[in-house]
Amino acid sequence: MNTLPENHYLNARRGLKSWLFTLDHKRIGILYLYGIIGAFFIGGVLALLVRLELFGPGRDIMDAKTYNQFFTLHGAVMIFLFIIPSIPAALGNFLLPQMIGAKDVAFPRLNLASWYIYITGAVFALYSIHSGGVDTGWTFYTPYSTETTTSVISMTLGIFILGFSSIFTGLNFIVTIHKMRSPGQTWYKLPLFVWALYATAIIQVLATPVLGITLLLLILERAFGIGIFDPAMGGDPVLYQHFFWFYSHPAVYIMILPGMGIISELISVFSRKKIFGYKAIAFSSLAIAFVSFLVWGHHMFTSGQSEIAATIFSFLTFLVGIPSGIKVFNWLATMYKGRISFDTPMLYGLSFLFLFTIGGLTGIFLGALAVDVHLHDTYFVVAHFHYVMMGGTVMAFLGGIHFWWPKMWGRMFSSFWSTVAWAIVFVGFNMTFFTQFILGSRGMPRRYYNYLDQYQPLHAFSSVGSLVLAVGFIIMGIYLVHSLFRGKPAGNNPWGALTFEWQSTSPPPTENFVKPPKLTHGPYDFDKISPERTFP
Amino acid sequence: MDTTGTIFLTPGGSTIAGEVDSLFYFLVYASIAMFGIVLAGLVYFGLRYRRRQTDADTPTSGRAHNLKLELLWSIIPTILVVIVFIWGFRIYIKMHVVPHEAMEVKVTGQKWFWSFDYPQGASTVNELVVPVSKPIKLLMSSKDVIHSFFVPDFRIKMDVLPNRYTITWFEATRTGNFDLFCAEFCGDGHSDMIGKVRVVGEREFSEWLEAGLSGGEGMTPEDFGARLYVSKACNTCHSIDGRSLVGPTFKGAFGTRRVLEDGGEVTIDENYIRESILEPQAKVSAGFQPVMPTYQGLLNSREIDALVVYIKSLK
Amino acid sequence: MEKDKGYGPGQPAHHFSEIEQQTEAVKLGMWIFLLTEILLFGGLFTAYSVFRAWNPDMFINAHKFLNVMLGTLNTVILISSSVTVVLAIRSMQLGRREKTIFFLVATLILAAVFLVVKYFEYSHKFHLGQLPGKYYTFTGVEGTNPHIFFSIYFSMTGLHGLHVLAGMIAIGWMLVRTVRRNFSSEYYAPLEATGLYWHLVDMIWIYLFPLLYLIG
Amino acid sequence: MTGNSSKRKAEHILSLRVYLLVGVALMILTAVTVAVSFIPLGGWNAVVAVAIASVKASLVALFFMHLLHDKRLNLIIFLIAILFLTIFITLTMFDTLTRGTVDERTRSPIQEEAVIYQKTLPDSLKNNLIEDDSSIFKDTLRP
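Chains as they are written, first to last, in my numbering: chain D, 1 to 536; chain U, 1 to 315; chain L, 1 to 216; chain V, 1 to 143.
Please note that the accuracy of each hint is not assured.
[To be verified] Under the rule of at most 27 Å between Cα atoms (straight-line distance), these lysine-lysine pairs were calculated in the BS3-like manner:
#1 D/Lys-337 - U/Lys-68
#2 D/Lys-65 - U/Lys-283
#3 D/Lys-189 - V/Lys-71
#4 L/Lys-99 - U/Lys-143
#5 D/Lys-189 - U/Lys-68
#6 D/Lys-279 - U/Lys-68
#7 U/Lys-68 - D/Lys-528
#8 D/Lys-279 - D/Lys-337
#9 D/Lys-65 - U/Lys-143
Quick caveat, the hints were computed from the structure, so don't treat them as lab data.
Bound conformation, chain D alone (with noise of 0.2 Å):
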């Protein structure tokens, strides 16, 4: 029978205080998770009473200006204070320094920085729900968010201020990865975990900056009307367009390149089998993080861009989808005479491969000029990426959540449970947003209050795989919980993984290891050693 080690980092220190300033690494993480987990809960509530709305047409339970603000805020608390900060900042922040056996991150105290920043940035994102609402969708786009009577600026600086906590994030991590990965672990014997943060931090530091810059200055034309972005002023909204997506395109991979590192390390650990193409894993993060750069146009095929740009931006949107594609194919190689066992975090990991697999190829739809015309702005697109931001990313989460979830509390979870709500998350996902795909295509318009008849039972379907997704969440966070006090002791490896984590105690002492771990192998050499599972 397993026990929990008698010092570790969640006892090291006692008191709110240890919490507040600490600065060990795997204790800054989990403060951003429960700070996403609030956020993923705010975020969940407004979806949940946006599709309440959309039920039947006309007014169900709250009036056009309400269902506007809801939307909105869904969105940016959804991607500024959840997706963004989630795997990178809570999971990555836990894991980074262990998967490398250094002692912590290259800068403790701007980690720690970063989250107090993180959470004053939220402070002035939810602020605006009190001083009037947000309505103008996530985008803000201009002129329209110029204009509105509503609290955009508050809203904006908030998420300008979040803008420098994930840079600083992406700075850490970078930093940290050059220079306190351990004696003899080369580029080549990182975990693909640390690859796809890697990425993702390059994209961070690279694309948030413009971020903070198309805010400011949509903050100085509101305040000012300085006539960069507002066509009464002389400005143009299309360049507001072009600045918003600089970032906000590359963003999306700041969202699904970590998913992707978490969903190498599942499918190799729970087949057994050595990643297949560790290179061409580890590059396309790499190749998929820069063309990500130059395809954010594929957002304006409509918007009034010349032709000419709208071509171009075409084209390279088609070359971000190969390296993607290359992923799927490389992972299902993976389990190819693997041993597989379906625990709870490769039922994610295999989620992942279905949902994120659709979400891929319905983008390809998108990025081709004619079919994305008829398509933009429907809840096409508004199924799409939720196939791949929460078939994708939230999958890929949640897998690693279970996974490392013994890792940071030392206990497991019920095995059972786990696997009824990964079952009835799957089911209503699919209820809910395969269902927006036909919506789309016949024609609804996404950010639509109200509608025409003819939408009806689709809407209805959709609002009622909300409520089945729900459920899944709810039983999720009651055995995670329980897990807490009541779980079984896990042991060092549960899963039997080959990574530097698992080789220390769970939880791990605060730094991290007992004495330096010594590199005996590469993080997916199962064809040499199969390590037991301490669990059950």
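Following the hints, complete the assembly by docking chains U, L and V onto the known chain D.
For chains U, L and V alone, kept in the frame of chain D given last:
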């Protein structure tokens, strides 16, 4: 040309729709094939290579490369996407190169209705009437924020920008009514900014044009007002059954006193209605946003009168 | 900027194994931060390029109302301050603490002079009504929408001015730490990182100056 | 690259001469760029100005910021920043400079001047609302 429609697409109604649909279905089938491969792999490997008690701890194959396979799954998708790009691009060019003989209609989007000005002088609101099998060029601009002109059945969409012209065109292939949506979020009434494209035969179109130019000749002011209430899109924001939409209801409004946003009070009479149509921001009813656009230049005196009579009649 | 400043001479922070590793990490971190700064200003450079390409004549007419004399003066001041910063670091490399203090103080003075000159430029423009955006009331510029030129001018120089201010705070803090003997010829990474930041501020001005003051 | 790169490299301490020479070169280049701006070269003025600025920036980066002798990685980071900024400007201007290829009217704004310059209201708004006597309600309309 596809007029039947499927689960994914409504029946097309324009010359371009057929082409877009072909590419769409090519993509659907190609995606199903690709997804089929992934799904088959997942299911087959999952069943075939399940971990069993007996072999759980034996090492697995260390093979992590297969050049042929890797080339295969890099090159085939590349070829496919290049095909899709070129295909999509060719149709896109057709969407943008307008035939010379096209009739040009000026489209204006504003919160929250569409107005259409014909070269012959007629103008309509929220209803674009066009002849079948004739190319129609739309020269579009917005008076306030960005809107987007979207007719799903025609498979066309183009943003309508403030202070700039954008262009799109279509040629309807069959008569009937087609939904027209605003596809770019534009505020509280975004989802009510729904219009209609009515495609009619050549002769019917000429008759309609003439009738439109005559402007309610031979109708009572009340009937004419009722028509204008719909055709000029008053109904987007003002109900006639007592419900509050974006604006106050017309029902029973005439002759009552109303509290204004600035605290003042006003009696709803001919003056007030007229002023509110032409200068909507002058006296805004309490509890409502000052969002109504001016109808200056969109309605002539006779039309305003007809609306006043109509509103008066709504007891 | 770098928040890791608490490690004295000789001893690396607990999570680094040696001081060399820590110095390299701090410098790398600073360079990445500079990259984000370049892209932050990048948005303004993009806006500048787009509007200049649309309205070349208006830009030429409007820029005549900027004072080349003062612009040149400020360029010279900033370049001099860059020289004093490198000399401050060099002195520390050689272990001459007093000289470092002298050069840091000189840098602070130059930076302050830069801001004072900027203040006179700004107040003159405010006086003439060459304000950004809707507050623009000046009528002497020919061409379409000259307020946009001044919007861009104020955004660029304003953001740059804020960076000068931030740089002054950082240099001031370095001065305090130098006085407190936190640095030695062995360990001066924060000083070097601050120097890098200051050079970037200089470098951005090197572009702003010809783009705003010296249009053909 | 890895944590325990064993030996300390000798720090590069550039000589005073190098720093001062670079400083002087920067001053001279400043003078040159100001002088050139007064010679009308048409479109070339901008090119020359940016070129001189780039030489100056390179001097600062290579000597003052030590990129010449420092770890290659820092130089790469700097170049990446320049590269992505170039991408941003170039692809954006691909749009802004190629508008209106299909129809001339879509190229530029309808009303070039911003609202702050439009001192007078359009005529249609000037009409006195009440003085319109074609209305059937003209008797009830207040003057």
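Status of the hints after comparison with the structure:
Proximity of D/Lys-337 to U/Lys-68 is assessed by CA-CA distance (about 18 Å); at most 27 Å being required, the pair is judged to hold. Our distance criterion of 27 Å between C-alpha atoms is met by D/Lys-65 and U/Lys-283, whose separation comes to about 22 Å. Proposed proximity of D/Lys-189 and V/Lys-71 is supported: the alpha carbons are some 23 Å apart, at most 27 Å. At roughly 64 Å between alpha-carbon atoms, L/Lys-99 and U/Lys-143 are farther apart than 27 Å, so this suggested pair is violated.
This hinted pair checks out: D/Lys-189 and U/Lys-68 have alpha carbons roughly 25 Å apart, not beyond 27 Å. Between D/Lys-279 and U/Lys-68 the CA atoms are separated by roughly 16 Å; this keeps the pair inside 27 Å, and the hint holds. As the CA atoms of U/Lys-68 and D/Lys-528 are separated by approximately 25 Å, the hinted pair is consistent with the 27 Å bound. Restraint check: the Cα-Cα separation between D/Lys-279 and D/Lys-337 comes to about 20 Å, which is no more than 27 Å; the hinted pair holds.
Using a Cα cut-off of 27 Å, the hinted pair D/Lys-65 and U/Lys-143 holds, with the two alpha carbons roughly 21 Å apart.
The structure fails hint 4 only (numbered hints given earlier).
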